[in-house]
Structure formats: structure tokens, C-alpha cells
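With chain A fixed as given, assemble chains B and C onto it according to the hints.
What follows is the residue order along each chain.
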Amino acid sequence: MHKSRNFLGHLYMAAILFYLFMPLIIMGGAAFNDNRLPSVYPWKGFTNRWFVELFNDQVMWTSFRNTILVALAVVLIAVPLGAAGAILINSISGRVRGALYGVMVAPILMPGAVIGISTLLFWNQVNVPTGLHLSVLGQVSYIAAFVMLLVLARLQSFDPALEEAALDLGASHGQVLRRILLPHLTPALGAGAAIAFFQSIENFNVTLFTRGTSNTLTVYVFSKVRAGITPTINALALMLIGVTFLAAVIYEMRRRSLARKERLLAAPAED
Amino acid sequence: MQDLLRRYGATLTGTFVLLVAFWLLALVILPNVTLFEASFRPYLPVVDVGGPKDTYSFDNYRKFLNNPVDTSFLGISFQLPIHTITFLNTVLFSALVTFITFVMSYPLAYYLAKIVNPRALPTLVLLLFVPLWVSEALRAFAWYIILTFNGPLNAALVGMGLLDAPVRWQNGVFTAYDAIVIGLVYTYVLFMLFPIYGSIQSLDTNQIEASEDLGAKWWQTHWRVILPHAKPGIASGCVMVFMLSAGSLLVPSVLPSTKSNWFTQTIQVWMLESQDWNTGAAYSFLYILLCTVVVTLVMWAFKVKLSDIAK
Amino acid sequence: MSAEIDLDDVCCDFGSFRAVDHVSVKIRPGEFFSFLGPSGCGKTTILRMISGFTEPSSGVIRIGGKDVRGQRPNQRPTALIFQNLALFPLMPVWENIAFGLEVRGVDKATRRARAEELLRLVDLPGAADKMASQLSGGQRQRVAIARALAVEPAVMLLDEPLSALDLKLRQHMRAELRSIQKRTGVTFIYITHDQGEALAMSDRVGVMSQGRLQQVADPREIYNNPANGFVASFVGEMNILTGDVGATADGFASYATPHGTFRARLAPGAAKGPVKLYIRPEHVVLTPDAGGENAVSVTVGDVAFEGNFISVSATTDSGKHFVAELRNDGSATVPDPGSRQFMRFDAARAAILPDETGTA
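Chains as they are written, first to last, in this note's numbering: chain A, 1 to 271; chain B, 1 to 311; chain C, 1 to 360.
One chain only, chain A, in its complex shape:
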């Protein structure tokens, strides 16, 4: 009874993985098809010309550079904002806490397009022209909330007695922050920075309404996909998937070696 249910489970897992990866493989495969239209079928022979075309596409390179710059700016702004928000939320209680928390997480639940439009309208009113700087601000408004949630979760495992102990030993408030609180928050801040970076790279909705005439990679991909002209986009997709997969493999190997080390270190000392 249990055995057969487990088997069904494994089967289902395999089916889902197939479902998730098959479209990516098909899309990647089309990058090598010597066909004017992006498709794996009919197969007209192997080519690398879409890659060559992609590398010669100056717009792609500009978009790529813009995407990285925007993502870095978002990380630099969203991490301090989110961390400050979490620290603030963590040390107040009652109604004010509930209200602040609500305002902070609301942008996560709001459609990206609306965030983009409201950002556009507000900064337009104070005479700030459109452009990628607005995209950064719009993205920060909801990405900071992700950072806040991560840091808040980490703060919940923080023992405030550690801060008191440091103060009691003569540390200033700045020293407490630098030596005690920030080291404890480092994993959450790191995860927050990574999430902020990837969320920003992924972002389309906010960017579309605030970018002015500049391109980011998602906007570039979107315009290419809509036009649907050449498989250069498949070449780009394949490379992005490749980078993602490589990152995942490196991460997995690091995790395994860390887990092995931890098992070796796990034996605590006796009195």
C-alpha cells in the first residue's frame, strides 16, 4: 500500500520535472536549428549563426549592461531599506506594528504594472524624467519588502540578550550593530541581496512603464519575442539557462561539501 503510493509519488515528481524542463530544452534546442523561425521542428540542420548574430547585436549588449547596473543599484538600496524596516518592525508591537507591516508588504501583493505606473506619475509630478533610475526606485519599493521579510525571520532567532551583553561589556551602539547584530544577520542580508539581484533582473512590469527609452534585458527579450523574427533570442535563452544551471551545480556541490564538513564537526566537546 505505502510502497505503491511512494512509487506514484516518484513518478509524479519525474513527470513534473519533465514538464518544467522540456520547454526549456526545446527552446534551447531551437538555437541550433538552421531555420529562419525559432523552432526545433522542422529540423533544418545544425548551425551556430544565431549565436554569432547575437554577439554582434549591440542593443543586446547595452540592455545586458543596463540590467546589471539596475540590479546592482537595487541591491544597494533595497538591502539597507529592508534591513532597517525589519529592525524597526521587530522592536515595536501592537497596532503600529501591524499597520507598518501592512504598508511594507503591500507592494509585494500589488501588480508590477501598477507599481510602475504610480512610480512614473509621482516622479513625473516632481519633475524627475523617466529612465532606468525610476525603474530602480520602482523595483526597490517591493524588493525591499522581500529583504525585510528575510531579515525579520532571521531576527526572530536573534537573542536580544547578546546586544545587552555587548552593551554591558562597554560597547557603543555602533559597535553592537557592527560586531553583534550585523554578523548575525549576514546570511539573511546575503540571501536578501541575491534575491534582490535576481528579482531585479527578472523584472519586466515595473521597468516597462518607467524605463523611458532605455532597454533592459527583459524588455529587449520581450520586444524580440513579440517580433518573433529570428532564433537569436533562443541563443540568448540557452546561454541564460546554461549560466543558471551552472550556478545551480556549483551551489549544489558547495552545499554537499559543506554538509560533509558539518557532519565531521558535529561532535561537541565533553566537560
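Honestly, the hints are just simulated from the structure, not real lab data.
Simulated crosslink set (EDC-like; lysine to aspartate or glutamate; CA at most 20 Å straight-line):
id	chain 1	residue 1	chain 2	residue 2
1	C	K182	C	D218
2	C	K130	A	E262
3	A	K261	C	D129
Only a predicted model underlies this, so the values are computations on that prediction, with no experimental measurement involved.
The following block gives chains B and C in isolation, referenced to the frame of chain A:
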């Protein structure tokens, strides 16, 4: 506040408060206030802004109710304004996407949380994450390739003898939104999976065994023990998937049929093609209303708090 | 270095709740002083007021004669050892110990040397580069003490630091703490709800209940001459009788109860408010012979062998239960369960005490 001052002193507390104030005021509250205000003003040439014609009215919202066209639902024909139809279709098909992703995710979440070998789990979760990191535009594009008339899906189905002739999937077999639903499900299914997985994982396995030990059938165990425990995760997943689907602009634009229209596309036309930001603001505000209603409904139906949903 | 701590009529309110209620006590330089009381009696609040994490609502706190009100914790010459020790989990042991020196700008080599020196003092050499999580409970305790000593405080404040240890280790650490205190000469203020701990280690004990200081005295005095009923029954076991005070003479009074009239010492101040009669089980004698003062006939119930003593429960004819503890040194004959005996106690060893000072 007292606590904060005691723990971090005046300088640091001041810095924290200023940072948060900038975030919430300049990036969240004021933009939305501006949006709300602009939605009641007419779209005017620059010279007329602030002039006698610049008065508050509901005109922008009235456009939502203009241009009635014939439509039918469940066999009943009636007239509805065109943008209202788009809005209702967006809500309806987003709800459908939410339901499908739930049905797909729940068994998998249970499998990951309670059946799979814990040592294989991190690898599996990582594998599931990989497609999530691939750009949304590309994930939708992948399905565009699969579903094209001369594409691999038709080739495979015809080749296996399951279809006599290729099908125009993108134009819709059941509804005009088939391809969009397929694309949205593929793009957002993991946003349903992970919250449900998280909540099932926190359930003590002894409770499942106790339920079985007391004679419950497998479906009774799920219905009475596991599902109730997973409620916050399900609520969170539903809200996320619904919001992302309803708010998606990429998927409906990459996988459209001749008759499909998503509400975000309508807003995009107002904003970027008509350059009528005021009507765009009014429609955006309608979207905010929809979000508020959905989140409130889910919180009420699942009896969960906002902090359970936003995780 | 050590300093006198002077709490002068200190109160502390949290909203409408008064956690500390008019506490006045002078703790002498170099003294090992314990605040003893049940949880919620206000002893931790006193500690937090001395260390500066909580400000008194009224009253004055002086350390070494200086009013410290308004001084922040990092400005006071105190070092606090937290109940959970609060060792910094991300720093190795020596950085933990040297943290107080680090924030004072002491250079690294000096810090390291001082940490090693303190580790030897607390009998934990060679642990400098371990992480706190790799240490056992007792070792962590020593690191916490070394960390507090590193800043050369005038006063060490200890918030039940032994409560997480098992019994054997706890008894060992008691002796250890006492010996570190004597060697360093630092004033120790110790918070505990464990009367054994307080009595065994302290020069003086302050017993607290409901925010008030009930009695301040050396451990013997606390045990032998409790000031009131709360101290009497919180510290050690007691047989308690309720009745009325009769004729008094020479510090003794007769006390009429439903189970007989007894004579006992009358505590000063016991005249006002409700009083009870308290007799320690080890002062109760069981004999087959009638006669003499404070004797009442009883039926022996359970006889429980506890090792170093034998606990006998006995019931008077009027239905009152008593507990008597007989030393297991062969001097007492152990009565048989069910036998008829006479229970007797020495009037000088029994006391008529008010329920609680200050509540009246």
C-alpha cells in the same frame, strides 16, 4: 520605539527611521496617492494642466463602462462594456490558473515534505528552482515555440496518431485564453508549490501516523489533518499565483490569441500607446481594488493573517 | 577592585504593575550577596536596574558612592552574567572574552594574552580558539565568567547562571563561583530562586517577595531566625499552625490552636497583623512518653527513608498533619507506622511570625 532607542541609541534609531520613512513615503505611499489623485483628472495637453479644464471627475472611470458589446457566458447572451469583459476574463482565467496550479502542486508538496528521502530533498528543490530563475519572457516564449502551428507539439501528436491534423493551439481550442492559461500555469506553478511545501513540512509526521493509526483512510487524513495544517501555505500560494497571473503582462503578450485581451494589456495601451496617463491611473486603481478584494477574501475564507500570506 | 552598591528606597513600575517596591539595601564591597525569591518577585528587575538596562521609577542607586541614574549600561562598572549566558555565537571563545577590551580599543596581542590569562583563571586553558557551541554547559559558564571579569568590573551581576546545569555540575560550579569571587575580591550580586544555592554561596542573602525585600541577613540567620512567614516557608520546610496569641512574657507567647495550646518565641513586630506558628521538621521530636511542654499525642502515618534522614508524618487526634525529620545517625528510634506517640518541640526552636512584613 523605547525599546529601539535603548537597543540602538539615538543616532542609529534615527537612521533606521529615516531609511524606512524614505522607503514607505517616497516609494510606496506618495506614488499611490499620486496615482489616486491623477485618476480623477482629465488627460489634457500640457498647456491646459492646472487650467480651468483641469477639474476632478469620474470621467476616467466611466470609460471602463463605455462601448458595450455582445457577449455570452454559459450560453446566456448579454451586453457588457468591452473593458469590463477584459477585466472579468482576467479575473476568471487568473482564478482558473490558481486552481490548476493548486491541483498540480498539492501532491508534489506533500511528496517533497513527507515522502521523499530527506537527503535527496535539497537537490530536488534546487532542480525545481532552476526554471524559476529563467526569465518569465523566455518561459512564455518556450511555450510559444511548443504551441505554434508548425511546432513540436503538433508534430508529436500527429506523429503518434493522436491527432489527424495539426491544431491551432494558440487560437484556442476551448477558449481564446488556452495558451495564456497554459503559459501562466507553467510560469507560476512554483509560487504555489513552495508555500504549500513549507506549511506541510512543518506538520509533525506523528500526526499523520496517528491519524492512520486511528483508522483514517488516506483521503480522510489529507482532508482532516494535512489540509487544515497547510491552510496558511495554500492561502499564500493562492494569493501569490492569482496576483502574479492577473498582473502578468508578458505571458498574455507573448501567447495571445486573436480574441484574447488581458487587463494589463488594456492599461499598457492607455499608458504607452494613447499616452493617457490619467485613464491609465484610473484603471490601475481598479486593479488595486481588485487586489485588495482578493487578499481580503482569501484572508477571510482561510481565516489567516496578512503575515501568514506574505512570507 | 570592588565597590559598595547602595539601593536607596528604589521602586520600579511597569505600567500599573509595581515590580520593585521600596527596596533599600547596602551591599558591601567584596561581598557575595544573593537576592533570593520565587519567579516574578522582582529580583531580576533589581539586577537590570543595577546594570542600567532598566531605570528605577523612584529612589537612588549608588555604585561606589556615585549616583548612577541615567548612566547607560556601557558606562557602569558592572558586568552582567545572563541567565542564558549570551555568549556571542559567531566569535571564538577568546574573542568573546576579549570583547570588552576590543570595544575599549585595546590592541589584539594584549587582548589575546588577557583572554588566555582569564581562561587559566577559570580553569579552561586551551579553549581559546573553540566556538562557544563546541563547549559543554560547564565550560560555557566559565567562559561567561571570564568574559565578565575581563572588563575588571567593580560589581559582577549574575542572573541565575547555574539554572541550566544538571545537579552535580551545579554543586561543583557553586564552589567554583565562590572561589573565583574570593580570589578576585569583586562584589558579586547573585540572583536565584534556589535557596540551597543562595545559602551555600552567599555572605548575605536578601529574600524577596512581590517586589519587597522581606529580610536581609547571613544565611544562618535567614534559616534559623526568619523574619516572617514568607521567609520561613520559602527557605526550608515548615510545619505551620494557625491560632491566636495569648499571654506574652520574655519574648515568648502562648499560642492557642484547635490542636492544643503551645508556647513559642514571639517575633518582634508580630503583634500587628495575622501571625502563625512555625516549627521546622528537624525540631520535632517523637517519643512514647507523655508530659512536658508543647507535647501533643499523634498517630504515626508514613515513614519515609530519605537517606541522611527519615521523614515521619504524624496526625494529631484533631486531624492536623505534622512532619518530623529524624537524623539517620542511630540517635533516634524510628516509630512504627500506626503507633501512638507524643510529638514535642522546644519552645525556643519554634516561632510565632507575621505572614509578611510590609503587607500590613
